[in-house]
Amino acid sequence: MNGVAPRLALSGVTKRFPGVVANRDVAFEVQPGEIHALLGENGAGKSTLVKIIYGVLAADEGEVLWDGAPVRIANPKAARRLGIGMVFQHFSLFDALTVLENIALGMDEAMGRAELSARVDEILETYHLPLDPMREVHTLSVGERQRIEIVRSLIRTPKLLIMDEPTSVLTPQEVERLFEILRQLASEGCSILYISHKLHEIQALCERATILRGGEVVAECDPKIETAKSMAELMIGADLKEVERRAGNEAGEARMTVRGLSLPGEPPFGVDLDEVSLTVRAGEILGIAGVAGNGQNELLAALSGESLAAKAAMIRIDGTDAGRLGPGARRRLGLAAVPEERNGHGAVPEFSLADNAVLTARHRLGLVAAGFVKFAEARAYTERVIRDFSVRTTGPGASAGSLSGGNLQKFIMGREILQAPSVLVVSQPTWGVDAGAAAQIHQALVDLAAGGAAIVVISQDLDELLSLADNLAVINEGRLSAIRPVAETSIEEIGLLMGGVHGEVVEAQGDAR
Amino acid sequence: MRARLEARREPSRAMRLATPPLAVLLTMVAGAVVFQIMGFDGPAAIHQIFIVPVIDPSHWPDLGVKAAPLIIIAVGLAIGFRANVWNIGAEGQYVFGALAATGVALATWEMEGVWILPAMCLAGLAGGMLYAAVPAFLKTRVGVNEILTSLMLTYVAIQLLYYLMRGPWKDPEGFNFPQSRLFTDWQTLPMVMEDSYIHLGVPISVLIALAVWIVMGRTIVGFEVRLAGLAPAAARHGGFNAKRTVWLCLLAGGGLAGLAGTFEAAGPYGQMVPQFPVGYGFTAIIVAFLGRLHALGIILAGLVLAVSYVGGELAQTAAGLPHAATGMFQAMMLFFLLAVDILVRYRLRFGRPAAAEGSA
Numbered sequence: 001m002n003g004v005a006p007r008l009a010l011s012g013v014t015k016r017f018p019g020v021v022a023n024r025d026v027a028f029e030v031q032p033g034e035i036h037a038l039l040g041e042n043g044a045g046k047s048t049l050v051k052i053i054y055g056v057l058a059a060d061e062g063e064v065l066w067d068g069a070p071v072r073i074a075n076p077k078a079a080r081r082l083g084i085g086m087v088f089q090h091f092s093l094f095d096a097l098t099v100l101e102n103i104a105l106g107m108d109e110a111m112g113r114a115e116l117s118a119r120v121d122e123i124l125e126t127y128h129l130p131l132d133p134m135r136e137v138h139t140l141s142v143g144e145r146q147r148i149e150i151v152r153s154l155i156r157t158p159k160l161l162i163m164d165e166p167t168s169v170l171t172p173q174e175v176e177r178l179f180e181i182l183r184q185l186a187s188e189g190c191s192i193l194y195i196s197h198k199l200h201e202i203q204a205l206c207e208r209a210t211i212l213r214g215g216e217v218v219a220e221c222d223p224k225i226e227t228a229k230s231m232a233e234l235m236i237g238a239d240l241k242e243v244e245r246r247a248g249n250e251a252g253e254a255r256m257t258v259r260g261l262s263l264p265g266e267p268p269f270g271v272d273l274d275e276v277s278l279t280v281r282a283g284e285i286l287g288i289a290g291v292a293g294n295g296q297n298e299l300l301a302a303l304s305g306e307s308l309a310a311k312a313a314m315i316r317i318d319g320t321d322a323g324r325l326g327p328g329a330r331r332r333l334g335l336a337a338v339p340e341e342r343n344g345h346g347a348v349p350e351f352s353l354a355d356n357a358v359l360t361a362r363h364r365l366g367l368v369a370a371g372f373v374k375f376a377e378a379r380a381y382t383e384r385v386i387r388d389f390s391v392r393t394t395g396p397g398a399s400a401g402s403l404s405g406g407n408l409q410k411f412i413m414g415r416e417i418l419q420a421p422s423v424l425v426v427s428q429p430t431w432g433v434d435a436g437a438a439a440q441i442h443q444a445l446v447d448l449a450a451g452g453a454a455i456v457v458i459s460q461d462l463d464e465l466l467s468l469a470d471n472l473a474v475i476n477e478g479r480l481s482a483i484r485p486v487a488e489t490s491i492e493e494i495g496l497l498m499g500g501v502h503g504e505v506v507e508a509q510g511d512a513r
Numbered sequence: 001m002r003a004r005l006e007a008r009r010e011p012s013r014a015m016r017l018a019t020p021p022l023a024v025l026l027t028m029v030a031g032a033v034v035f036q037i038m039g040f041d042g043p044a045a046i047h048q049i050f051i052v053p054v055i056d057p058s059h060w061p062d063l064g065v066k067a068a069p070l071i072i073i074a075v076g077l078a079i080g081f082r083a084n085v086w087n088i089g090a091e092g093q094y095v096f097g098a099l100a101a102t103g104v105a106l107a108t109w110e111m112e113g114v115w116i117l118p119a120m121c122l123a124g125l126a127g128g129m130l131y132a133a134v135p136a137f138l139k140t141r142v143g144v145n146e147i148l149t150s151l152m153l154t155y156v157a158i159q160l161l162y163y164l165m166r167g168p169w170k171d172p173e174g175f176n177f178p179q180s181r182l183f184t185d186w187q188t189l190p191m192v193m194e195d196s197y198i199h200l201g202v203p204i205s206v207l208i209a210l211a212v213w214i215v216m217g218r219t220i221v222g223f224e225v226r227l228a229g230l231a232p233a234a235a236r237h238g239g240f241n242a243k244r245t246v247w248l249c250l251l252a253g254g255g256l257a258g259l260a261g262t263f264e265a266a267g268p269y270g271q272m273v274p275q276f277p278v279g280y281g282f283t284a285i286i287v288a289f290l291g292r293l294h295a296l297g298i299i300l301a302g303l304v305l306a307v308s309y310v311g312g313e314l315a316q317t318a319a320g321l322p323h324a325a326t327g328m329f330q331a332m333m334l335f336f337l338l339a340v341d342i343l344v345r346y347r348l349r350f351g352r353p354a355a356a357e358g359s360a
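Protein chains in written order, with our numbering: chain A, 1 to 513; chain B, 1 to 360.
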């Protein structure tokens, strides 16, 4: 490829926001037909950089070269005109419209229906994309919805396709299919800028990787040569600590039992829980895998008490029927819960950390007496959480919104764990959390289980579950698969379950046992 | 040079305190200009409305009497507004509460005893709560928007008042005027000072505001209300029942409005008349926001709006301003407050941007 100008070259790109430099002097190149990874933790500046390339933001300083010529990309439309396509992490689709209508709506210039339809069919054919243009979007899986976005950006035959964290919503099989499409595109000369923090994906797909940390390029490497560990260390700038597992834990008696829990989801987009049954024992970490939007939030709400079960006996906590009890009563029984969304669900950004401690710790710690909140005790407890979980903040009076995602998650986890719960249900414990904080949170979960608590971890991150959980189940369309020991489970099987192949695999396993 | 707005990283505390006085100031300036254009002496009108009631001590008792109902209703409404429960019908709850108290007064007309006045207050409180319970029930049971129901019920309460005044509760010795009997001494609020018309409701309004301040800041109920407004999902996660919060907010707002109505009936009016609703329930919405939904701020804001009432009347005689001027000034105050509130989240900058802020 020598002698050919790079498809995209950045030099000296700097972007400042009030109080923070998002990108400092960033430079890298993407060659024609190259699959280039942009690797970094949350907050490393990947998104800002991509928004600059796609014309959503303007750089304060620096130069962008396109096919060797300097360009100013004023807006996304200009970017698309140059031949830059982007598939965002969050889709912008209308649920009530068909695939084709959604594609037509995203066009910069009008195209006849027949012509568009023919073009879409051609793309679907060329890249072997299974997608029915006439289906309405709300009937499609997340993987299928992503294909709409891909088709959208392929209509104009892009020369550079930006993929922002595309696999977080996909099953392993869907990921593999996506990679085939990307490889085919690259072989046709389209460059791909692949943004991720998942190291094994980058190793499987990318030829080169630019690693960002704190807004700066810290390394450029060949992911096929580097190990996942070495790249992770470049990414976080420190040695990665392995989670210390306790050896040979014997699971104790059942602490929480769920039997035949069915719960209609909240309209219009809620998922119905369908006959969910599970048991977690003292000392056990039960992992629940699944693609986003398959009932994880509903399951957490049903376990935490935010939604009530139809019958009290459907959920038992340490021998007490708890299905009809609300969150406060369940906390008094020893159940703590951490929802997926930190801002506005697990914590209130506008409230101080001490007030956020009152939010969920008041039942077990008696932070309310005669209607009055004991603010001094809440502060003292908050200080303990901050100290024990090394939360970086100015103190208990700091607003939760002023903490970074990782620090807020450490605070929330600490707030629940220091209440010494007998059952902890946590969803996405390390979502959007930097690797250092993630390791700390994992260690805290392992230690809590070692102390005799029963833990349910709901996560979309398979690596997390495989390293953390003793047993594993998969949730798909509100149904929970049979629970199986992690040691006897392969990624392929989990992937099939995540994709909704319920029948044979699970039942065959059930018979075998 | 061109002015532009730049987002602040955190809402400015200083601006949160500075914008209400700024809004009042802008109201005065804009009011002077408008009335000048209309052919009045603008600055003199402003002087009459905003300055004279403040500097002339003879008007001070009047300020207290006008501010008391505004403060009581506004602190009640502010509880709900904090939780995003939009009770717009305080005027109706004010009337209904006063009617309930009047009912007790008419039933005890020939009786004596210190218990009568407290009984009227309880009836007023309960009446306001009962009237606010209708929107609460409709919202929690069938999801009807409380803004519509509470507002519409206001007109029902006023029609009920007209009916009672012209029919069942008409004073039998009142020469057929549509008004109730005069309340007896046992049924009217005592004066705080001899020879003044500051009734007991005035100091009580301040005590109520202080009590609400403590409840909102120190108790779990205040915590629940603040939480429900900021993050409903977190409130549910923390074990608070959203429907309970709605009930609590509407009952608090309605009850206090009803109590304010009782104080007015048993205070300045001393009877019930068809002219009883003068819009305190609506003006209290302005008071609540001008006071930043904070009990102490509401005491100040109540006084500011009382100034506009008292001054508005003065300006009618002194500067010949129309009666509608008072309402216009009050509306302008809310308008300017909402307008300048952008400064809480944004900073006004002049000149060219330091760094190019590209946007799609």
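Keep in mind that the hints are not guaranteed to be accurate.
[Claimed, not checked] Pair ranges (Cβ atoms, derived):
| no. | chain 1 | residue 1 | chain 2 | residue 2 | range |
| --- | --- | --- | --- | --- | --- |
| 1 | A | Thr320 | B | Glu6 | 52 to 58 Å |
| 2 | B | Tyr346 | A | Pro76 | 21 to 27 Å |
| 3 | A | Glu341 | B | Ala3 | 34 to 40 Å |
| 4 | B | Pro172 | A | Phe372 | 47 to 53 Å |
| 5 | A | Ser467 | B | Phe350 | 41 to 47 Å |
| 6 | B | Thr219 | A | Glu341 | 26 to 32 Å |
| 7 | A | Glu253 | B | Glu6 | 58 to 64 Å |
| 8 | A | Arg392 | B | Gly327 | 39 to 45 Å |
[Claimed, not checked] Just so you have them, the derived chain B footprint on chain A, three or more residues with Cβ under 8 Å:
| no. | region |
| --- | --- |
| 9 | 304-313 |
| 10 | 346-352 |
Hints in this document: simulated from the structure, not taken from any laboratory. Here a beta-carbon is modelled for each residue, glycine too, at the ideal position from N, C-alpha and C.
Now the hints, each set against the structure:
1. Checked against the hint of 52 to 58 Å, the C-beta distance between A:Thr320 and B:Glu6 comes to roughly 55 Å, which is consistent with it.
2. At roughly 25 Å, the beta-carbon separation of B:Tyr346 and A:Pro76 lies within the given 21 to 27 Å, and the hint holds.
3. For the pair A:Glu341 and B:Ala3, the supplied restraint of 34 to 40 Å holds, since their beta-carbon distance comes to about 38 Å.
4. A beta carbon spacing of about 51 Å between B:Pro172 and A:Phe372 agrees with the range 47 to 53 Å that was offered as a hint.
5. For A:Ser467 paired with B:Phe350, a C-beta distance near 55 Å fails the hint of 41 to 47 Å.
6. At about 27 Å, the CB distance of B:Thr219 to A:Glu341 agrees with the hint of 26 to 32 Å.
7. Checked against the hint of 58 to 64 Å, the C-beta distance between A:Glu253 and B:Glu6 comes to roughly 60 Å, which is consistent with it.
8. The hinted range of 39 to 45 Å is not satisfied by A:Arg392 and B:Gly327, whose Cβ atoms lie roughly 53 Å apart.
9. For the region 304-313 of chain A, the stated coverage by chain B holds: 3 residues have a C-beta nearer than 8 Å to a C-beta of that chain, and at least 3 were required.
10. Under the rule that three or more residues need a Cβ within less than 8 Å of chain B, the assignment of the region 346-352 of chain A holds, with 6 such residues.
Hint compliance for this structure: hints 5 and 8 are broken, all remaining hints hold.
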